[in-house]
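Number of protein chains: 2
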Amino acid sequence: MKLLEDRIREQGNVKEGNVLKVDSFLNHQCDVALFDAMGEEWARIFHDIRVDKILTIEASGIGIACCAARHFNNVPVVFAKKAQSINLDGDQYCTSIYSFTKQKEFPVIVAKKFLIPGEHVLIIDDFLANGNALNGLLSICEEAGVIVEGFGIAVEKGFQGGGDALRERGYRVESLANVRSMDPQTGDIEFGAPALPPAADSREDHTAAAQ
Amino acid sequence: MKLLEDRIREQGNVKEGNVLKVDSFLNHQCDVALFDAMGEEWARIFHDIRVDKILTIEASGIGIACCAARHFNNVPVVFAKKAQSINLDGDQYCTSIYSFTKQKEFPVIVAKKFLIPGEHVLIIDDFLANGNALNGLLSICEEAGVIVEGFGIAVEKGFQGGGDALRERGYRVESLANVRSMDPQTGDIEFGAPALPPAADSREDHTAAAQ
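Here the protein sequences line up with chains A and B, keeping their order. The UniProt record's numbering numbers the first residue of the first sequence as 1 and each following residue consecutively. The UniProt record's numbering numbers the first residue of the second sequence as 1 and each following residue consecutively.
Keep in mind that the hints were calculated from the coordinates and are not lab data. It is possible that some hints are incorrect.
[To be verified] Using C-beta positions, here's what the derived DEER-type ranges look like: (1) B:Asn-13 x A:Glu-190: 27 to 37 Å; (2) A:Asp-91 x B:Glu-168: 32 to 42 Å; (3) A:Ile-49 x B:Ser-96: 22 to 32 Å; (4) B:Asp-48 x A:Arg-167: 32 to 42 Å; (5) B:Glu-168 x A:Phe-100: 23 to 33 Å; (6) A:Gly-192 x B:Gly-192: 50 to 60 Å; (7) A:Glu-142 x B:Lys-2: 16 to 26 Å; (8) B:Val-19 x A:Gly-187: 43 to 53 Å; (9) B:Phe-159 x A:Glu-190: 28 to 38 Å; (10) A:Ser-99 x B:Asn-13: 46 to 56 Å; (11) A:Asn-135 x B:Phe-159: 42 to 52 Å; (12) B:Phe-159 x A:Ala-83: 41 to 51 Å.
[As the list claims (entries may be wrong)] Derived pair list, reagent style DMTMM-like, types lysine to aspartate or glutamate, alpha-carbon separation capped at 25 Å: (13) B:Lys-2 x B:Glu-41; (14) A:Lys-53 x A:Asp-164; (15) B:Lys-112 x A:Glu-58; (16) B:Lys-2 x B:Glu-142; (17) A:Lys-53 x B:Glu-16; (18) A:Lys-112 x B:Glu-58; (19) A:Lys-113 x B:Asp-52.
[Claimed, not checked] Calculated Cβ distances over 10 Å to all of chain B for the following chain A residues: (20) Val-32; (21) Phe-46; (22) Ala-59; (23) Arg-70; (24) Val-78; (25) Ala-144; (26) Ala-165.
By construction, the Cβ of each residue, glycine as well, lies at the ideal position given by its N, Cα and C atoms.
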C-alpha cells in the first residue's frame with residue numbers, strides 16, 4: 001500500500017537491532033485517517049472471505065483494528081489482554097508470548113465467551129516480525145475452535161521470517177507494507193517481497209543469451 | 001447518552017468491590033458502532049472547544065479515542081503507554097499511576113514530541129472512578145504545557161468522586177453514562193448525577209403543604 005510505504009519512508013526511523021520506529025503515526029501517536037485507509041484496503045483485499053470478528057492484541061493493534069472494523073460491517077473487535085486483571089473472569093483462554101521488544105515473556109488472555117467455536121476471525125495487528133504475538137493469538141484461536149481466515153498486518157518485517165512461516169502453514173497473510181531490508185546507518189528502507197528466482201522461461205532465455 | 005446507558009443496563013455486570021464489567025462491548029470486546037456514536041456525541045457536546053489532539057491511555061481508551069477522532073476532524077490520537085519499552089526514546093514525560101483494578105502502581109509515559117506546548121487537548125477514556133489514571137494524564141499535560149480542554153468519559157462511576165474532584169478544579173468532564181449507584185446483589189444500576197437538594201420554591205411549597 002503506497003500510502004503506508006510512503007509514510008514509513010518519510011517518518012519511520014530505523015534503529016539498531018532490527019527496530020523500525022513508526023510511533024509518530026502507528027503505535028504511539030495514531031493517524032486515524034491512515035488507519036481508515038488501511039481498513040478500506042484490507043476490506044478490498046479480503047472481500048472474498050467471511051469475517052465475523054476481528055481479533056487483535058493490546059495495545060497497538062486496538063486502534064487499527066477498531067478503525068478497520070468499520071469496513072467489515074462493524075463486526076466486533078476483540079483484543080487479547082496482556083497479564084491477568086482481577087476485573088476478568090476466570091473463564092479465559094491463556095497463552096504466553098515472548099516479546100523481543102520488551103525482552104520478556106508475558107501472559108495473554110481472551111475471555112472464552114468472546115470467541116465462539118465456528119466463527120470466522122480476521123487477525124489484525126500493527127507489526128509482524130518473528131511472528132511470536134500472532135502465533136500466540138493463533139494458539140488461542142485453535143483452542144477456541146474458531147476459523148482464522150487470515151492476517152491483516154500493517155508493517156511486516158519480511159526479513160525476520162514470521163510472515164513466511166505463517167504462509168507456509170497455509171495462512172493468508174496480507175501486509176500493507178512489507179519491509180524487505182532496512183539499514184540503521186543510512187536509514188534506507190526497501191519494500192516488497194524478496195525477488196523470486198527467475199521463472200523457467202527467463203532461465204532458458206538467460207541460458208540462450210549466455211551461449 | 002441513552003444508547004450507552006441502555007447497553008450498560010442490558011450487558012453490564014455489577015460485581016463486589018465497585019466493579020462494573022462492560023467487557024462485552026467496551027473494553028475487551030469492542031462495539032465499534034457504539035464507539036462511533038459515542039464519538040459523535042462528544043463532538044456535539046464539545047463543539048465549542050478547539051481540539052488539536054486527543055490523549056488517552058492504553059489499553060481500553062485507544063479504540064474509543066480512535067473512533068472518536070473521526071468526529072474531531074481526524075486529529076491525531078496519542079495514547080500514554082504503560083511501562084518502559086526499549087522501543088521508545090528517552091525523551092518522554094513519565095508519571096506513575098496506581099490501579100485499583102490491578103492493585104499495583106505502574107509507570108506511564110508519553111514521548112515529549114507528541115505533546116506540543118500550547119496544543120489544545122481532549123482527554124478520552126473508557127472509565128472514570130477515583131480519577132487516578134486521568135490525574136496521571138493531567139500531570140503529564142501540565143508538564144508538557146498543553147491546554148486540557150476537557151475530559152470525554154464513557155462510564156463515570158460518580159459515587160467514587162474522581163469526576164467531581166476534577167470538576168471542582170475547573171475541568172470540564174463529560175461522561176456519557178454516569179453511574180450514581182449500583183448494587184452487586186440485585187445488579188441494579190442507577191444513572192445520573194445525585195439528586196440536588198430541593199430548590200427554594202419547592203421547599204416553600206413543601207412547607208406550605210405541611211402546615
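Tested hints:
1. Roughly 50 Å separates the CB atoms of B:Asn-13 and A:Glu-190, a value that falls outside the hinted 27 to 37 Å.
2. The hint said 32 to 42 Å for the Cβ distance between A:Asp-91 and B:Glu-168, and at roughly 41 Å that hint holds.
3. A C-beta distance of roughly 44 Å is found between A:Ile-49 and B:Ser-96, which places it outside the suggested range of 22 to 32 Å.
4. Remark: the range hint 32 to 42 Å for B:Asp-48 to A:Arg-167 is contradicted by a beta-carbon distance near 52 Å.
5. Between B:Glu-168 and A:Phe-100 the CB atoms are about 46 Å apart, so this pair departs from the stated range of 23 to 33 Å.
6. Against the hinted window of 50 to 60 Å, the Cβ-Cβ separation of A:Gly-192 and B:Gly-192 comes to about 57 Å, which satisfies the hint.
7. Roughly 40 Å separates the CB atoms of A:Glu-142 and B:Lys-2, a value that falls outside the hinted 16 to 26 Å.
8. For the pair B:Val-19 and A:Gly-187, the beta carbons lie near 48 Å from each other, so the given range of 43 to 53 Å is met.
9. In this structure, B:Phe-159 and A:Glu-190 break the distance hint of 28 to 38 Å, their C-beta atoms being roughly 57 Å apart.
10. Distance hint check: the CB atoms of A:Ser-99 and B:Asn-13 are about 31 Å apart, inconsistent with the given range 46 to 56 Å.
11. A hinted range of 42 to 52 Å holds for the C-beta pair A:Asn-135 and B:Phe-159, which are about 44 Å apart.
12. At about 28 Å, the beta-carbon gap between B:Phe-159 and A:Ala-83 misses the expected band of 41 to 51 Å.
13. The hinted pair formed by B:Lys-2 and B:Glu-41 meets the criterion: a straight-line CA distance of about 11 Å does not exceed 25 Å.
14. Taking the CA atoms of A:Lys-53 and A:Asp-164, the gap is about 24 Å. The hint holds against a cut of 25 Å.
15. Taking the CA atoms of B:Lys-112 and A:Glu-58, the gap is near 22 Å; set against the 25 Å cutoff, the hint holds.
16. At most 25 Å may separate the alpha-carbon atoms for a hinted pair to count; B:Lys-2 and B:Glu-142 exceed this at roughly 34 Å.
17. With a CA separation close to 31 Å, the supplied pair A:Lys-53 and B:Glu-16 exceeds the 25 Å bound.
18. As the CA atoms of A:Lys-112 and B:Glu-58 are separated by approximately 22 Å, the hinted pair is consistent with the 25 Å bound.
19. Annotation: proposed proximity of A:Lys-113 to B:Asp-52 is violated, straight-line Cα distance about 38 Å (limit 25 Å).
20. For A:Val-32, the condition that its CB be more than 10 Å from all CB atoms of chain B is violated, with the nearest at approximately 4 Å.
21. Residue placement check: A:Phe-46 keeps its beta carbon more than 10 Å from all beta carbons of chain B (closest about 17 Å).
22. Non-interface call for A:Ala-59 relative to chain B: violated, since the shortest CB-CB distance, roughly 4 Å, does not exceed 10 Å.
23. Against chain B, the non-interface label of A:Arg-70 is violated: not every CB pair exceeds 10 Å, the least being about 6 Å.
24. Interface exclusion of A:Val-78 from chain B breaks down, the closest Cβ pair being 5 Å apart, not more than 10 Å.
25. Consistency note on A:Ala-144: stated as away from chain B, and its beta-carbon is indeed over 10 Å from all of that chain's, at 13 Å minimum.
26. Interface exclusion of A:Ala-165 from chain B stands, the closest Cβ pair being 22 Å apart, more than 10 Å.
In this structure, the hints that do not hold are numbers 1, 3, 4, 5, 7, 9, 10, 12, 16, 17, 19, 20, 22, 23, 24, in rising order.
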